[in-house]
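Please construct the entire structure, taking both the sequences and the accompanying hints into account.
There are 2 protein chains.
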Amino acid sequence: MLMDDMGWGDLGVLGQPSKETPNLDAMAAQGMLFPNFYTANPLCSPSRAALLTGRLPVRNGFYTTNGHARNAYTPQEIVGGISKDEMLLPQIMKKKGYVSKIVGKWHLGHRPQYLPLKNGFDEWFGAPDCHFGPYNSSIRPNIPVYNNSEMLGRYYEEFKIDRKTGESNLTRMYLLEGVDFIRRQTEAQRPFFLYWAPDATHAPVYASKPFLGKSQRGRYGDAVMELDYSVGHILLWLKRLGIENDTFVFFTSDNGAALMSGPNEGKHYKLIPTCTQSFSLRVTGSNGPFLCGKETTFEGGMREPAIAWWPGHIKAGTVNFQLASVMDLFPTSLALAGLSPPDDRALDGLDLTPVLLNHPHKQGNRPIFYYRGNELMAVRIGQYKAHYWTWSNSLEEFNKGINFCPGEEVPGVTTHDQKEHTLQPILFHLGRDPGEKFPISVSSHEYQKVLSSISPVVEQHKSTLVPGVPQLNMCDMAVMNWAPTGCEKLGKCLNVPKSQPWKCDWPH
Amino acid sequence: MLMDDMGWGDLGVLGQPSKETPNLDAMAAQGMLFPNFYTANPLCSPSRAALLTGRLPVRNGFYTTNGHARNAYTPQEIVGGISKDEMLLPQIMKKKGYVSKIVGKWHLGHRPQYLPLKNGFDEWFGAPDCHFGPYNSSIRPNIPVYNNSEMLGRYYEEFKIDRKTGESNLTRMYLLEGVDFIRRQTEAQRPFFLYWAPDATHAPVYASKPFLGKSQRGRYGDAVMELDYSVGHILLWLKRLGIENDTFVFFTSDNGAALMSGPNEGKHYKLIPTCTQSFSLRVTGSNGPFLCGKETTFEGGMREPAIAWWPGHIKAGTVNFQLASVMDLFPTSLALAGLSPPDDRALDGLDLTPVLLNHPHKQGNRPIFYYRGNELMAVRIGQYKAHYWTWSNSLEEFNKGINFCPGEEVPGVTTHDQKEHTLQPILFHLGRDPGEKFPISVSSHEYQKVLSSISPVVEQHKSTLVPGVPQLNMCDMAVMNWAPTGCEKLGKCLNVPKSQPWKCDWPH
Numbered sequence: 001m002l003m004d005d006m007g008w009g010d011l012g013v014l015g016q017p018s019k020e021t022p023n024l025d026a027m028a029a030q031g032m033l034f035p036n037f038y039t040a041n042p043l044c045s046p047s048r049a050a051l052l053t054g055r056l057p058v059r060n061g062f063y064t065t066n067g068h069a070r071n072a073y074t075p076q077e078i079v080g081g082i083s084k085d086e087m088l089l090p091q092i093m094k095k096k097g098y099v100s101k102i103v104g105k106w107h108l109g110h111r112p113q114y115l116p117l118k119n120g121f122d123e124w125f126g127a128p129d130c131h132f133g134p135y136n137s138s139i140r141p142n143i144p145v146y147n148n149s150e151m152l153g154r155y156y157e158e159f160k161i162d163r164k165t166g167e168s169n170l171t172r173m174y175l176l177e178g179v180d181f182i183r184r185q186t187e188a189q190r191p192f193f194l195y196w197a198p199d200a201t202h203a204p205v206y207a208s209k210p211f212l213g214k215s216q217r218g219r220y221g222d223a224v225m226e227l228d229y230s231v232g233h234i235l236l237w238l239k240r241l242g243i244e245n246d247t248f249v250f251f252t253s254d255n256g257a258a259l260m261s262g263p264n265e266g267k268h269y270k271l272i273p274t275c276t277q278s279f280s281l282r283v284t285g286s287n288g289p290f291l292c293g294k295e296t297t298f299e300g301g302m303r304e305p306a307i308a309w310w311p312g313h314i315k316a317g318t319v320n321f322q323l324a325s326v327m328d329l330f331p332t333s334l335a336l337a338g339l340s341p342p343d344d345r346a347l348d349g350l351d352l353t354p355v356l357l358n359h360p361h362k363q364g365n366r367p368i369f370y371y372r373g374n375e376l377m378a379v380r381i382g383q384y385k386a387h388y389w390t391w392s393n394s395l396e397e398f399n400k401g402i403n404f405c406p407g408e409e410v411p412g413v414t415t416h417d418q419k420e421h422t423l424q425p426i427l428f429h430l431g432r433d434p435g436e437k438f439p440i441s442v443s444s445h446e447y448q449k450v451l452s453s454i455s456p457v458v459e460q461h462k463s464t465l466v467p468g469v470p471q472l473n474m475c476d477m478a479v480m481n482w483a484p485t486g487c488e489k490l491g492k493c494l495n496v497p498k499s500q501p502w503k504c505d506w507p508h
Numbered sequence: 001m002l003m004d005d006m007g008w009g010d011l012g013v014l015g016q017p018s019k020e021t022p023n024l025d026a027m028a029a030q031g032m033l034f035p036n037f038y039t040a041n042p043l044c045s046p047s048r049a050a051l052l053t054g055r056l057p058v059r060n061g062f063y064t065t066n067g068h069a070r071n072a073y074t075p076q077e078i079v080g081g082i083s084k085d086e087m088l089l090p091q092i093m094k095k096k097g098y099v100s101k102i103v104g105k106w107h108l109g110h111r112p113q114y115l116p117l118k119n120g121f122d123e124w125f126g127a128p129d130c131h132f133g134p135y136n137s138s139i140r141p142n143i144p145v146y147n148n149s150e151m152l153g154r155y156y157e158e159f160k161i162d163r164k165t166g167e168s169n170l171t172r173m174y175l176l177e178g179v180d181f182i183r184r185q186t187e188a189q190r191p192f193f194l195y196w197a198p199d200a201t202h203a204p205v206y207a208s209k210p211f212l213g214k215s216q217r218g219r220y221g222d223a224v225m226e227l228d229y230s231v232g233h234i235l236l237w238l239k240r241l242g243i244e245n246d247t248f249v250f251f252t253s254d255n256g257a258a259l260m261s262g263p264n265e266g267k268h269y270k271l272i273p274t275c276t277q278s279f280s281l282r283v284t285g286s287n288g289p290f291l292c293g294k295e296t297t298f299e300g301g302m303r304e305p306a307i308a309w310w311p312g313h314i315k316a317g318t319v320n321f322q323l324a325s326v327m328d329l330f331p332t333s334l335a336l337a338g339l340s341p342p343d344d345r346a347l348d349g350l351d352l353t354p355v356l357l358n359h360p361h362k363q364g365n366r367p368i369f370y371y372r373g374n375e376l377m378a379v380r381i382g383q384y385k386a387h388y389w390t391w392s393n394s395l396e397e398f399n400k401g402i403n404f405c406p407g408e409e410v411p412g413v414t415t416h417d418q419k420e421h422t423l424q425p426i427l428f429h430l431g432r433d434p435g436e437k438f439p440i441s442v443s444s445h446e447y448q449k450v451l452s453s454i455s456p457v458v459e460q461h462k463s464t465l466v467p468g469v470p471q472l473n474m475c476d477m478a479v480m481n482w483a484p485t486g487c488e489k490l491g492k493c494l495n496v497p498k499s500q501p502w503k504c505d506w507p508h
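From first to last, the protein sequence lines are chains A and B. Each residue of the first sequence is one higher than the one before, starting from 1 at the first, in the numbering used here. Each residue of the second sequence is one higher than the one before, starting from 1 at the first, in the numbering used here.
Note that these hints are calculated values from the structure, not bench results. Not one of these hints is a red herring.
Okay, derived cross-link-like pairs now, DSS-like style, lysine-lysine, Cα gap no bigger than 27 Å in a straight line:
id: 1; chain 1: B; residue 1: Lys-400; chain 2: B; residue 2: Lys-419
id: 2; chain 1: A; residue 1: Lys-19; chain 2: B; residue 2: Lys-315
id: 3; chain 1: A; residue 1: Lys-498; chain 2: A; residue 2: Lys-84
id: 4; chain 1: B; residue 1: Lys-19; chain 2: A; residue 2: Lys-19
id: 5; chain 1: B; residue 1: Lys-449; chain 2: A; residue 2: Lys-214
Just so you have them, the derived chain A footprint on chain B, three or more residues with Cβ under 8 Å:
id: 6; segment: 14–26
id: 7; segment: 212–220
id: 8; segment: 288–302
id: 9; segment: 402–411
id: 10; segment: 431–443
Partial pick of chain B residues on the chain A-facing surface, computed with a CB cut under 10 Å:
id: 11; residue: Trp-8
id: 12; residue: Leu-11
id: 13; residue: Asn-36
id: 14; residue: Leu-259
id: 15; residue: Thr-284
id: 16; residue: Val-319
id: 17; residue: Phe-321
id: 18; residue: Thr-414
Just so it is clear, CB atoms sit at the ideal spot from N, CA and C, and this is done for glycine as well.
Structure, rendered in structure tokens:
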């Protein structure tokens with residue numbers, strides 16, 4: 001279960017003051033909570049590619065070289081997508097007879113060859129990109145919603161999202177699609193892999209009518225409440241079907257909550273909406289006590305809520321401080337299915353099964369690497385995090401009101417230029433200082449000692465890293481979803497403009 | 001159970017990432033959690049005076065008029081203390097035969113007439129002031145530790161606190177004193193009131209040996225772990241004694257966590273230590289997602305962790321969003337004891353028993369007033385908070401490295417001058433924006449509507465408020481604890497210097 005832009009601090013069990021996630025809190029009480037769980041990138045597409053490949057985006061190609069340390073993703077006009085050379089989780093699971101479905105947001109490329117059913121999934125209900133819009137389809141089409149390999153309609157057309165009221169039934173549809181899949185596979189006694197990826201907490205935030213106005217937190221909270229309800233409902237169905245002891249469930253989010261906003265409430269951005277931008281100042285998730293949010297390599301951008309649930313196997317009510325990553329779900333899922341990960345490529349994920357099952361052997365002091373595009377910005381080992389580069393966003397953007405760290409400013413840390421600290425990394429102890437506010441003095445014994453243990457790990461990582469071919473360099477209006485498969489039947493094909501590719505511009 | 005400088009976000013159940021408070025989390029799971037609980041002042045003495053009188057410090061005299069909107073407390077040289085005109089909780093409880101003990105920090109005045117046994121308590125083990133020091137006793141004496149009305153010794157002398165290692169057995173002693181009192185009263189079948197007020201999380205932070213180095217959070221976390229253990233141990237004793245269904249327990253803290261520190265780790269303040277200053281940059285509590293901390297009237301300064309526990313009466317695992325205050329504990333405790341609060345004075349606390357017992361009648365939309373010294377800085381009604389004055393600390397102090405909002409800066413909100421907004425208050429919706437980062441636009445319909453409902457409440461409050469005689473205006477070296485009662489027996493009397501009173505200087 002992968003949420004979209006939901007923050008670490010959005011869960012009651014992780015300190016959201018309104019405590020409106022009873023089902024997720026119960027899931028944690030029945031399972032294992034990972035307070036030190038990380039995504040592989042502070043942005044959606046690379047994070048999702050990392051989950052499904054077990055590899056850092058810089059390896060699987062979900063990054064750009066058009067600019068230094070730029071976050072890139074798959075907007076409508078992206079040419080690239082998930083490479084055929086990558087092995088995706090459902091492709092390998094198939095070897096043991098697993099049937100796989102993705103419900104919700106794909107975001108690994110929207111051209112036909114990149115879609116889920118060409119990449120190991122047996123079923124899909126959802127959309128390739130973010131639910132931005134509505135668009136004037138002579139300029140750019142609304143995003144299609146697919147059922148398997150054919151479009152069913154488009155956002156804002158057949159799949160309504162009321163931007164004014166925030167009403168949409170999409171989460172409800174995703175819930176029903178997920179439950180239906182689980183029921184069908186259970187009845188057929190087939191092993192299954194469900195990748196449930198709703199996007200209601202990504203701007204523009206939405207919820208269905210029964211949840212609208214119910215939260216103390218405004219519309220964002222309404223969306224969280226519906227997602228929480230849906231998670232609870234799925235777990236309930238696993239119990240009803242009697243498969244809860246045979247089903248491993250993991251809940252997390254793709255990146256930190258989007259905090260982007262300026263101080264003037266009510267002013268909406270006039271920029272062309274992209275997956276990196278949030279729209280309303282009232283729509284803000286929480287990254288708890290962590291610094292900044294989405295787009296950044298501070299904790300608020302990359303530390304994620306994470307709960308593992310597997311009654312009868314995972315000890316109820318456990319809190320596990322293992323440093324873990326969304327990429328671990330790749331080898332972990334394979335291990336649970338009795339499969340081995342591919343041995344012909346570098347993997348960044350670790351098998352968490354010993355940790356989940358509380359075996360004495362744990363995955364020790366593994367590093368967490370914080371990338372932004374093609375640059376290793378920071379590394380965490382144990383409680384220590386060393387920043388080799390710092391950047392929030394450019395002063396130019398900041399002055400336009402785009403702020404990834406609203407209300408927060410740590411001098412020399414939340415910098416508005418890309419600042420290199422390779423020779424003298426900025427060091428934090430995340431146990432004492434989870435908010436990354438008090439850099440450890442470079443003249444201290446602690447600094448010297450810690451750096452001398454981190455540096456070799458970083459050198460080793462950098463010297464052996466073979467970057468993949470960057471997939472997020474080229475854009476082209478012609479590749480947008482003008483006429484997806486199935487459009488003929490629906491009479492919804494649009495004219496494809498002439499191909500005029502250009503280098504994508506990634507400002508952050 | 002009143003903690004000292006412990007922050008809202010220091011509890012696992014409220015989102016501290018290290019989740020090191022299993023006993024408090026269990027207390028919440030067995031009791032009622034109040035995420036919207038407030039202290040009456042962002043500083044220790046006034047907050048404690050408010051708890052014991054049920055009245056705002058501006059009424060009970062725990063404020064100063066030496067400067068506008070200044071936080072004041074009872075340092076060693078304060079002349080004043082709790083007025084004889086105030087009625088304290090234990091004084092009234094006595095009418096129903098309650099035996100009362102305070103264990104730990106008093107902080108309502110240290111001159112003989114102000115001490116606990118002169119103000120309704122039957123027993124006391126602890127100290128009148130903060131555990132600062134050690135001092136050269138020719139300049140200022142170390143703080144005495146009392147057993148009832150006689151000193152037993154002094155901090156750093158008979159009661160060791162190792163400033164270097166952080167080791168001290170004080171929390172252990174406070175635990176044993178508390179348990180011993182509970183056992184004695186239970187055996188004698190006497191109703192009792194225990195005010196358990198340890199100070200281990202106030203700088204200089206300390207813990208006993210078994211807890212030192214055990215936390216992921218450094219020494220502050222060690223102290224929290226020992227306090228958590230002690231709370232669990234006290235609850236365990238209530239169960240062992242079979243009185244858990246007859247004992248109402250409330251846990252909270254006196255003000256937000258002290259975040260004071262500069263960006264240069266390892267640099268300690270050279271200023272004369274006072275109760276308002278923290279010493280080591282590694283010693284930092286957490287206010288969760290809230291803005292700033294101790295000393296300020298932002299949420300981080302005044303929102304407190306709060307748990308009510310009363311098995312068999314309070315429904316286990318409840319989260320109650322009632323806006324509540326430490327002053328409510330005064331009428332609530334009286335109601336539980338079958339007593340009425342005094343009717344000859346204005347009370348700010350409300351009886352929470354209907355809320356605790358989940359009766360349909362709740363204490364509705366009561367306001368929370370945020371004072372700093374003699375000034376009403378802000379008001380919360382429902383989810384809305386209006387700031388009439390903003391101030392973090394002076395630019396002069398800030399430039400010296402004293403920062404009440406490290407890493408945080410909300411333009412126009414965390415101001416370094418005392419900024420008045422009476423004509424156009426800064427308005428936040430704390431549900432959508434608990435971090436007070438996005439002021440609601442003054443031109444919005446919402447702003448106009450909300451202000452028109454808040455303004456009459458504020459006018460009513462201000463026009464009817466009768467301030468008490470300020471107790472915290474005068475200081476004098478002669479009133480320090482040079483020769484407390486009992487010093488003769490111990491041979492520990494010091495010479496009292498000549499009285500030369502002066503107006504206290506309150507910089508914040």
